Each structure stands twice: as structure tokens, then as C-alpha cells.
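So the protein sequences, as listed, match chains A and B.
The first sequence maps to residues 1 to 488 in this note's numbering.
The second sequence maps to residues 1 to 436 in this note's numbering.
Think of the hints as simulated: they come from the structure by calculation, not from any bench.
It cannot be assumed that every hint is accurate.
Straight-line distance between alpha carbons at most 30 Å, and here's what the computed DSBU-like set of lysine-lysine pairs gives [to be verified]:
1) A:Lys189 x A:Lys224
2) B:Lys78 x A:Lys435
3) A:Lys163 x B:Lys329
4) A:Lys202 x B:Lys329
Please read these numbers as outputs of a predicted model, since none were measured by experiment.
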Amino acid sequence: MSKIITPPPFLKTAAKAPAAFPSKAGAAKPAEVVKERSMLLQKEMLGDLFHSLTTAKETGRKVVYTFVPGNLSELILAFDMLPVYPEINALQWGMRKKSGQLIRDAEKYGYSEDVCTYVKCDVGMFLNGNIGPTGEKLPPPDLLLLSYTGCFTFLKWFESLQKLYPGVPTAMLHTPYAADGIVTDDMVKYMTRQLEEDVIPKMEQVSGKKFNPEKLAHHLDLAKESEDWIAKLFDLTKQVPSPIDAYFAGVYYIGPINAGFRGAESAVEYYHQLYDEVAARAALGKPPITPEGELEEEKFRLVVEGPPNWTHFREFWKLFYDMGVVVVASSYTKVGGYFDEGFRHEATKPLESLARYCMGCYTNYSLPERINMLEKFIVDYKADGFLINSIKSCNSFSAGQLLIMRELESRLGVPVSFIESDLVDPRYFSYANIKNRLDSFFQMMDQRKRVGGRQPFTRQAPEIASQRVGRASSPDTLLPILQAEGML
Amino acid sequence: MQQTLEALISKCEHLAFDLQFTHAKNWKRDGSMDDRSPAAHRFLVGYLPIYIPREIIHAMGGLPVGIMGSGDRMQIIKGDAYYQSYICHLPRGVVELALSGALSEFDAFIFPSICDVVRNLSGMFQIFKADAFIKYLDLPQNFLSEVGGAYYRREMETVIEGIQAHLSLAPIPEDLWRERLNHSIRLYNENRALIERIVTLRQEFPWRLSAVDWYCILRSGITMPVEEHNNILYEVEGMLQEERGRPLDNIRVVISGAFCEQPPLGLIKTIELAGCYIVDDDFMLGSRWIEGNIEENTADPMAAIVEAYLQHSTFSASLYEAAPASGTKVERLAELVRRRKADGVVFAAASFCDPALLDRPELQNGLERAGLRTIGFQYSENTGQFKVIKEEVGAFSDSIKLWDAVPEAGGIGDAASSQLVQVWLPTVLDEIDIVA
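The following block holds chain B by itself, in its conformation from the complex (with noise of 0.2 Å):
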């Protein structure tokens, strides 16, 4: 049944944000109600920023749930006690799924290799978890085929046999798997084909689908199969092929930083309220980390993954930047710039996020020094004050809009809003304290 874009978006809304994560708990329960059906060995592999493979698990018959931490929608009691002041938000909200019971019916939880207290993490919930397969996924640094590859073929085979001996599960018989992982490399690889699409049909027409919106429609995805998302997917793309809305007198910018603890709705709200176009941004960066396809209907599929993280890998402060034949992250964030046309970059960084934030004054120097414009914030996942932010980004809108006297073509100034900009002024003053 056709269903209205709001609609899907308060689906999706839901589900991205509810932290019992029933939606997938509710697959594995339809799985095991039949133990003679291919799906009675359901299983849920809970998984932390950024990324995963997360084809391994589809195929072996499991759902891969990202787990972004606990936002501003669950208060923190036992987290807190676990932490200092100075360690980011993300760690307590995830202890505070665990210690709650949110996260009893996981299998699994794989924490990827990105920072000190992701990787500290882990360790601990050997201890709180000690019911579930906890595996630390050292994502290769070194990106040889022959060195890092193999080194992340191994990662990889590891999480299988410890999900198959945890489980006791019959290992899959070699001709099956390769079908079944090809075939979810498939599925993946379409995910992140519309994802992509749908990107680009925001960075023309940003005005039909907010970034909260679109940021609720993304998050969903790794709440639920892929199959399924992909399904959303489709329905969104075919709606914004529509006009709806109208555009705004809006600059366009770019979020850089986001990546791994993720800023609250009412964060992504101010910055568009704010007076700014988000064409594109590393929020849920996982869903998109390999640019462009895998591999597809390989006799090695494991290799067609590797080989996709070692050469097709977003740019990220999570990973080492070795002289790479696709550019510095300067550049490249330099050139998503300029491919979604934006007008500046909007730095937007997790408190005490080391890598977001050791990364941060090349890459802001490195835009400026290339004629880019860029602002910068901190923000922790339960920010509940947004005034500063408002303010801040909107002086950055602002002026980007008065002095920019020849804006550049299919930037801010295409003919109807450089009409706008002659009224903007009080338009603004206007909307200010509209987001409290």
C-alpha cells in the first residue's frame, strides 16, 4: 500500500530511535517460531561506528544493528559512572543499553577499530557481555592486498567462526556461501546505490526532503534487513521525484566530523533552521563508507569486500591517511564541496572526539587556505541547547549571503534567490529563537 513521505518518515523516525530495538528483535522472534524454516537461526550482531562489513553477516542469516549510542532520548545513570568528564558521550550511552537490558536478546557485537574508547569499549563488554561474542575488528591501517588484505580476510573470518562456535552453527558449505555472500553484496550494494541517489536528488532539490528527515530515513537502516530498507529506499527516491516544499534562501553546506557520535535531531534542525541547505554530511557514515560497488557475483567474494575497503573507503579521521592515490582528506572533503556545490563546510565535531577533532585544523585550514569557507562546533549526542549553535551557524549563513557579491553558479545565487537575498535580513531576525 502507497504510503505518504511523512508517513515513512515517522515510520523511519521510530524505528532509527527506538533504543529497545524491537523492530529487530522482532525478526529474530518471527525466525526462531519455526525451527525447521532457513531463517529458525536468526541472530543479532549488535555493531558501533562507523563501519562493518556487514554483507558477512547478512549472509551467515544474521541482522547487523548499528548501535549509535543512546542520543537525547534515554537519561544516562549507570554510563555515566563509567566514565570521566572528559570521555565523549557515545561509550555511555551504549553502557547504558547494556546495563539496562536494551541489548539483551543481541548475539553478537562487534566493535570496529576507530578510537581508544571504542576499543576500550570492547573490553568492557567482555565483562558486561559476557553471554555474546564480543570481537574488536581491527580494520587494517596497512592497505597492501597482500599485507593489510590478508590481515582483514583473517578479521573477517574470525568474526564468522566465532559467531558459528558461539551459536553452535554449522559452518556454510563453501559453494552456498559464496552464493549468499554475493547475493548480499548485491543487496548492499544497491543500498548504497540509492542512498546515493537519493544524496544527489537532495543536493538539487534540498528543499523536498529536510536533512532531519532524510537523517531519520538513513538511521532506520540499520535498525532493519537490508532488503527491507532498500524497499523504503525505493519509496522515498520515487517520492522526491516530485516537487513538494519550496525553496528557501538557504546557503548550502557540507558537515564534516559527525561520524561517529551522532548529533541530536534538534542539532540537524538548527543548522537547517539556521539558514543552511545540508547537501551532505558523514552522519551514519557506515551505511555509505564504500564509495561505489563491491565486487559483484565474484568466485571470491571475501576478497571483492576486502579489496573494496582497501581502495574504495570514504576518507575518514578513523582512517590513516597513507598517501592516497584518491587524494589527502583536504582534498577530498575540498571536492565534495564543490561536486554538491556547496558554500562552505560546516565542522561539527563530538566533544573529546579525538579523531574528529585532531583532524579538524588541517582540514578547516586546508578549505580556507583553497578559498572554502568553514565554521566550526562541538556537540555531545544529548546537546539540549541549541541557541549558541543557531546563532553561530547563522552569522556563518549570513555572511556568506551578504558579502558574497558574485555567487557562484548553482551555489546560493542562482536567479531566485539572489531575489531573496534582498529580503533576507529581516526574515531572518525574524526566525531567530524559533528553535529553543
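The following block holds chain A by itself, in its conformation from the complex (with noise of 0.2 Å):
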């Protein structure tokens, strides 16, 4: 009897996934429940920020509003600071399937149908009277920390955040865009001096606690670890199997890195356990765990881009796990920091290095460079597929995405696909559409096999992909999609 380990605990909130669907790769049936160290751990953490945030107003700490990509966790902890992630708490409404009333709220308000469900979610909240998804209020802000990286909207989403809790002061931080594939001195230059200029003073005057260089080097120090144990967890899933999922498993796993523990002790015990955990997998040779049990075979393994849909996670990642189908790496992933190539917070660098940082995000690279990463990782974790979840709420991932999808199939000759979905508006879950498309993507990879066995996708040598899609690049990139679709 195989043993069955325990779904993070947010999973266990989701839906059941509709039973007459039929289990091809199949997953293992349930047996004893055995829950990892590293799951115990992360719930502990998230259950003791939960509590600290409910407590904030008796124990006198101050709450921080601020968004996941480029986010200033070991700033936040330098000054003993509370962090509230609204696009966090709008995800969790969305998995608890509570988000469309508070969407529909903030519609009556005036927000459109056509903008982000995030900001609409946080709104409905808040017109709700600010009740979390764990059902406890939460503490309204002390600061608003506009630290936003490579999404337009989160810069409007805090304009209306300014306008619900006014007084409250904000700390802007604008990062530039990588628009060219670089960062360069000047764009440091003025983050640092944002950071020396606006958001330190902001942080020391709302925490009533002087700047102290020394703790935010502690903690940038505790977040290279943390760093380097998650590099090393992601990279596990080159092997075949594949000892986890990247992508659905894979947002539980960035949790607490990108919900303010990425500085912390916990975050460094709980990254090294879940390392050691997942090694122990990959050096068994053991597939992913599901929700449903240990998968019994890995049968494609992909790349996927684009944020996930949370109103229906679970019976979205069944649709996957069903036919035996991985995701080995994922672009979602590496919104709250990329870390593969090197990147690490540096204490003898410290304001250069969370200007690095923000910069660095997934969601500011330019669209060349976004293709560059991929196409990477769909040589380089040996991957069968490559699929976009269009997500209609973000316009960052969204806008760009089928050329995307052009240019790395042209590149590689990788059976790719495309679905749409929304982060949490459930109104833009279509099940049935999305299982068509999904179902008839994974024969074209089936067939692929069946012909012609696994067959490594073989990336261009560097320079030259870079020469592809950087300045001095040729426009018959496109070109020959285009001719073969009769368009030029």
C-alpha cells in the first residue's frame, strides 16, 4: 500500500474535482496519511503571520500593505514590520471559491468587467469589512509600500488602496523596466536612491524604529540561504521523473518566499527541509505527489507559462495529473525573484541588491528575454510541451503571449498550446473548453512519443538566440509562421 502525503493546506479547501473523470496515468489510491516536516512547517509559519496580523493592534506592530513581485521582505523585517500581500489574499478567495461575490461587489462600485479580478477581489474585501480569507479581519495599513515590479496595474491598484484608507502614507518605489535584457547602473542608481529617499524615511517614520543597516544585513544574509536552497529545489526537476510538479505544486512551494518570509530563519529551515525532502524523492526516482496520492508515471513533462487559475486549481491541475502530465518549470514561479541564473540579495550590497532584486522579477523582463528564459527551460528540463494559461486578468504575462508561442515553436519545433482562463473571477473558468483543448494537446505529444520517441527539443547556441531576438536580429524570425499561415 502506497502512503498518501497530505495536499498543502490550501489545496484542501478547493472543490472536489468532478469524479467521472477518467484517470489514465493515474494516481495512486489514498492510504495513511503522512504529512512531510516541511508542510507542518510552512503552516506553522503562515498560521504564526496570520495570527501576528489579527494581534497587530494589541501587540503594536505595524501592518505593511505591499505586492509579491519585488517585494522588500527583508526591509519589512529589518524594521519588524507586518506584511499584508492583497494579490495573496485575493488568490486564497479565489481557491475558496468565495472570490466572484466579492468581484461582483466591487463591479457595483463602478470597476469594470474588464479589469484585474485582483484589484477587484482586494476591493470587494475591503467593502466587505475587511475580512480575510481565513475569515478574521484584517489589520488596516500602516504604510502603503507601492513596491510593484513589472505590472502597471498594481501602481493603479494602490491609487484606489490610497483613496480606501486615507491618511495612510505610501512609499512608492517605481522599478524600471529591463525593456533591453539589462539592468544597468542608472536604473540601480535610482532605485537606491528611492529607497534612501522615500521608502526607508517612510518605514522609519510609520515604525516610530531608526534604520539599522546591520539587521537588514542579517536578514539579507538569511534570504541568500533561502535563496540558494530554492535554486537548488527547482532544479531538481530536471531529472526524469520529475521528483515534483513546478507549476502546481510549485506555487505552494514559492509561498513563503513570496508571503515576507524570504529573510527569515523559518524561511531557511523550512526551504532546506523541503530540499532534503524532494531530493530524498528525486533520488528514489519517484514521481510528483498529487492531491490525490503519488503519481505512478510520469508521461510528458512540461513548461508552462502564465499564472494559474485559482477558482478551480484543483480540478485544473487534475486535468494534468490524470494523463500523467508534469510541469517540470513554470514562468509563474519566478514572479517573487528568479534565482536559477545566480541572482542572490547580497548583505555587502544591500540597497543595490533588493534594487537588483525587484528588477530581476519575472513579470519585468521583456518579451525577448521572457522567449530566451523558455525556451531555456524547455531545452534545458527536457520538456515534451509548451503551454500558456492566458490569463485574462494580466495584461503584464498576457499581452505578447502568442508570439511567445509563435517564436518557440518556430525556434524548437515544440508541440505547443494555449488556454484562457482568469486568476479568481470564476465567471472565466470554462471547464469543458479548456479539457478539449488540453486533451487534444496531450495526444499531439502522445503521438509525437509514439513516432519518434523522446526527443530532446536542441536550443540554439547562445549567441546566436540572443542575435534572434535582440536588436540586431533578422525579422525573418517571424516570417516563416506568417508565410506558412498564408498572412504575408
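Could you fit the two chains together into a complex? Lean on the hints.
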């Protein structure tokens, strides 16, 4: 009898998957429940955070509302403040299948059906008394820390929060966009000046504490350790079979690093423990764990671009693991930082490394650089296919994704597919449409493997690849596709 | 030779909507005919909405050309293949222009930082238009001179250096550059001043020049050298001194939210025919971005442009509202409504335009709290059905006319229009369905 490891805590709140879904690769039958230590640690960490938030008024801890991409966790920790991430609240409401009403309430208030549903879910939450997804009232912000990376809508979101919380100070950190695929000294200087001139003084003012560079350095050291572990963790999915799913389970694994714990000792302990557990699975050649137990066989390996849908998260995941599909790399797990290529926070360059971290999050990558990164994932992680989950709410991700897909298909000949859903708007999840598309895609990958076996996709030499997407690249990059489709 | 206003408007409409940018291309070719002339190195820089500092392109000897999408004047085939249904329409038209060859003679493209869609479009252009210099212009959202200002200056220098490198142009000597940039600043100051004078004239006498005609005149300015546009504006200003047309019993509205993807002419016409004088708007906002003059004849004209952006930008959904000394967006819009003696605000935003639509609830609720009337709808640049909008705006107009018992001085109710109110209803009913 195989043992079943409990799914991540947030999955427990998701609705049951449709019962009549055929299982091909098949998950194991449920058996004894064993919680791995990392899961207990994460549960404890998040529980402590929410408890601290609900008692913030009594304990006098100051509360910072901020965002995941480009978050300044180490700085927040250095001031002993508590973070609230509105987009994490929204996604948790989505997973509890309660975001729909909040979105409708925001629309009644005047927000268009067209705009970001994270924003509307958050506004709806405010309109309903700011009760958080755990059922407890969230404290109002003492500081709005508008540190945002790669999403213009974040700026608009916080302008809305400024109106909802009048008088609350706002610290603004504008992150320059790495449009040319590089971070220049001017960009770094612009950010460090903002930290010095606006962000840190506001944090001092709100917290009532003087900025302590040694304390920040301590948290940056801890962040570096966590980042080492998380980079090693996601490197394990290069193994065949992959010991974890780097998208559906990956969003769980990035939880602590994205929720304010990156520079904390608890995060180091968590990621060390998690790595040990996953490495042990990898050493035994075990495939990933799903909400229904251990996957029997990894049949296909995918790279996925775009955030997941949260309102139907478990049904969505089931569409993959029922067919033995494992996501081995995803861009979404890089929104809170990209550590695969060696970036680490550095205590010796505190503000500069905070700036470089912000500019290095995935959403701050230019479109050509995103294509390069995904191409590298497909090759290095030995993927059989590439999938885009295009999110209606998220123009930062979605605008240009069809070009990404065409480019990758053109460069690698990799099977590609495209589905659409939304972050937390249940009205925009069509199970049947997504299933039909995925079934066709999986069949396409299956046929390809039957005909030719697993053929690794080859990438051009890096210098050639960069020429194709860089300034000096040729417009021919795109032309064959258009010509093939009779568009030119 | 003096031409009639009608002829001038016709010419401007043709220039404004020429999606081959023939006028700009001819300007460039004219400069290339004699390679010994100072104009030998003319170049074209396409820019996306909303604002770029056109002065620096002009001072370098180039022509900044606004690319506002393809409106309802081009069938989108290739552009749609690159965008999901929930992305606004503007980038589809821009991609269509790029892939159809309409932008073939452009040397550079600038994408100002206004939203995620235009941002990502800059990356797409790096692939589509690899033969051109592509610049994402990251306009600062920090408004301290030594922080955001320093960064913005470096961004502008990057534009200059990038174009020079791409076209193998020699750097301009410092003294000459200062002289040329000050000259360009003067010309664009003149352009903005003329625009503001005409807007003020239209505020007083909106019947003398329709909003549609004014829009064509204004939009034509992004397709031609500023000197040429200034001449046109002088002519228009002169012609508007004389009475023409006749006042109608229209309400006076300000349009807000249409700063990027431009509404089709038919939509502007529909608003007018629904009983509204459009006395101010944010169409073609980039041409009016800096309020007032950029300081002229300074020793450091780049610094003058930077300071003007930091201190004298208009309010916009794409600009962070950082405790502005000049007031919040709600306050500034309300002030504009009062200054233009408008009766209400029509919020017209492109579908799926996150910046405009995310601003709308606060603006709309804020104005209504201030006792100002508003209505809102969405459109796309190729909207072809206006009937619903006409009915909505018409009802808005009617409600103001009907229920404003004591019209404010200078608003709808001067003596003449008050009399007209009594005969308004059947007239409006007769007019319904004029616009298809």
C-alpha cells in the first residue's frame, strides 16, 4: 500500500474535482496520511503570520500592505513590520471559491468587468469589512508600500487603496523595466535613491524605529540562504521523472518566499527541509505527489507560462495529473524572484541587491528575454511541450503571449498549446473548453512520442539565440510562421 | 494662399488618418535628395501614446510621428493573430501597421511607459522591427528632481544616443545642441499655447468648430513638423474669431478616459449629435501633456524638459498620483469642468484599458460627490455601432436639460438656450437615428 502525503494546506479548501474524470496515468489509491515536515513548517509559519496580523493592534506591530513581485521582505523584517499581500488574499479567496461575490461587489461600486480581478477581489474584500480569507479581520495598513515590479496595474491598485485608506502614508518604489534585457547602473541608482529618499524614511516614520543596516544585512544573509535552497529545489525537476510538479505544487513551494518570509530564519529552515525531502524523492526516482497521492508514471513533461487559475485550481491540476502530465518548469514561480541564474541578495550591497532583485523578477523581463528564458526551460528541463495559460486579468503576462508561443514553436519545433482562464473570476473558467484543448494537446504530444520517442529539443547556441531576439536580430524570425499561414 | 476652414479641416483629416504616413515619409525623402543639405539626415521616430518629449527628436533633426493605432480605417487581420480577445484594440492596429509595411521607413520607435500592453508591445517590436531603434521610455513615477528627474534625463539621453548610434549620426556639439533644443522648446511651447487658445475659443463658441473637426486638426499635428502645424493652428485661430454656425441647445461636457486608444470619429460625432458640446477632452493628450511653457532659452534645456515633466504634467491615469501639490485627479478634473463651465463629464474609455477603467470609479464617484453629473461607457477604436451610445449620452443630455431648474451662469442656461429648452424635446426625438 502506498502512502499518501497530504496536499498543501490551501488545496484542502478547493472543491472536489468532477468524479467522472477518467484517470489514465493514475494516482495511487489513498492510504495512510503522512504529513511531511516541510508542510507542517509552512502551516506553522503562515498560521503565525496571520495570528500576528490579527493581533497587530494589541501588540503594536505596524502593518505594511505591499506586493509579491519586487517585494522588500528583508527591509520589512528589518523594521519588525508585518506584511499583507493583497494579491495573496485574492488568490486565497479564489481557492475558497468565494472571490466571485467580492468581484461583483467591486463591479457594483463601479469597476469595469474588463479590469484586473485581483484588484476587484481586494476592493470587494474592503467593501465587506476587510475580512481576510481565513475569516479573520485584517488590520488596516499603517503603510502602503508600493514596491511593484513589472505590472502597471499594481500602481493603479494602490491608488485605489490610497482612497480606501485615506491618510495612510504611501512609499513608492518605481522599478525600471528591463526592456533591453539588461539592468544598467542608472537603473540601480534610480532605485537605491528612491529607497534612501522615500521608502526607508517612510518606514522609519511609520515604525518609529531608526533604520538598522546591520539588521537588514542579517536578513539579507538569510534571504541568500533561502534562495540557495529554492534554486537547488527547482533544479531537481530536470531529473526524469521529476520529483515534484513545478507549477501546481510549485506555487505552494514559493509561498513562504513570496509571503514575507524570504529573509527570515524560518524560511531557511523550511527550504532546507523541503529540499531534503524532495532530493530524497529524486534519489529514489519517484514522480510527483498530487492531491490524490503519488503519480504512478510521469508520461509528459511540460513548461508552462502564465499564472494558474485559482478558482478551479484542483480541477485544473487534475486535468494534468490524470494524464500523467508533470510541469517541470514554469515562469509563474519566478514572479517573486528568479534565482536559477545566480542572483542572490547580498548583505555587502544591501540596497543595490534589493534593487537588482526587484528588476530581476520575471514580470520585469522584456518579451524577447521571456522567450529566451522559456526556450532554455524547454531544453534544459527536457520538456515534451509548452503550454500558455493566458490570464484575462493579467496584461503584464498576457499581452504578447501569442508571439511567445509562435517564436518557441518556430525555434524548437516543440508542441505548443494555449488555454485561457482568469485568476480569481470564476465566470471566466470554462472547464469543458480547457479540457478539450488540453486533451488535444496531450494527444499531440503522445503521437509525437510514439513516432519518434522522446526527442530532446535543441537550442541554438546562446549567442545566436540572443541575436535573433536582440536588436540585431532579423525580422525573418517571425516571417516563416506568417508565410506558412498565408498572412504575408 | 488663404484657404477656407472647411478646406483646412479636410486636409487635416486626410493627414490625421493617413495610415501610410505619406506626409512624414515625403518629409524624410525630401531631406534625402540632397545629401549636402542640413536636412540630409532626416529621420522618422514613431511614438505610441501618450507622451514623449518630442522636442529632443526635433532638435536632433528628426520628425516625431504619433502612432495612434489604425482606428476604424484598416481591417485588422495580422494584428488580431497576436492578441487575445481581452486585450485592448490599439496594439492590434499597431501590429497591423508594422506587419503590413506601413511603418517601413521609420528609423526608431518609442514606447512610453503607460501600461503593460504598450510595454510588452515594445518587446514585440524588438522582434518585428529589428531594423529600427526601439526604446521603451520609462517615464519616472518619482517626481523628485534629484531622483526621478535624474533618471528621466538619463532616459532621454539614451534615446538620443541610441538614435545617433543606429543612424551613425555624429553627436551634436554642446553649444549647437543647446541652441537647437531651445529652439525646439520654443516651437512646441507655441504649439501647446495655440492649442490651448483654440480650446478656450471653442469653450466660448463651441458651435464655431465642431469637436470632430477640431480633433482632426489636433491629430494632424502628430504627422507633420511642428512648424507646419503651428501655421495651421494660427490659421484656425484666426478663422474662429469670426462667427460661424449657430448655437444649439446642447449641454457642455468634458470627455475623460480616451487618452490612449482614440475613439473613432463617428463616436465623437455621436456625442455631439446626442446633444453635447465637447468643451474639453483628453483625446491626443500627449500634445497637451505639459501644462504651460517649458522654460525657454536656458543654459540647460534638457533640465527644463525634465522639470516641466516633473512639475507641470497634466493629470492622467498613466501618471502616479503622488500627493500632488496641484491636487488629486478628482480635484483637477472637477476644476477643469468648472473652468470649462461644463455641465457634466462623459467617461469614455477603451475597453480593456486598465489604467482608465481602474481610475473611473474614484473619478466618477468623486465628481458625483462634488455635485457634478457623469456618464460612462466603453468603446474601441473600431467601434461601428453608436446607437446605444447615442441613446445613453442623449438621455444624459436630456436629463441635465430637463432637471436643471436653475442653470448655472455660463452653463447651459444662458437666456437663449433657456428658451430653447422649451422646444428641445420634440427636436431631439426628431434627431434620433440620424447617426447610424
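Inset, instruction - Take the C-alpha atoms of Lys163 (chain A) and Lys329 (chain B), compute the straight-line distance between them, and say whether it is at most 30 Å. - result: With a Cα-Cα distance of about 12 Å, the restraint between Lys163 (chain A) and Lys329 (chain B) holds, given a limit of 30 Å.
Legend entry - Holds or violated: Lys189 (chain A) to Lys224 (chain A), with C-alpha atoms at most 30 Å apart: 22 Å, holds
Legend entry - 30 Å limit on alpha-carbon distance, applied to hinted pair Lys78 (chain B) and Lys435 (chain A): Holds, at about 28 Å.
Legend entry - Pairwise hint evaluation, Lys329 (chain B) against Lys202 (chain A), where the allowed Cα distance is 30 Å at most: Holds, because 23 Å separates the two Cα atoms, which is no more than 30 Å.
The structure is consistent with each of the numbered hints, conforming to all of them.
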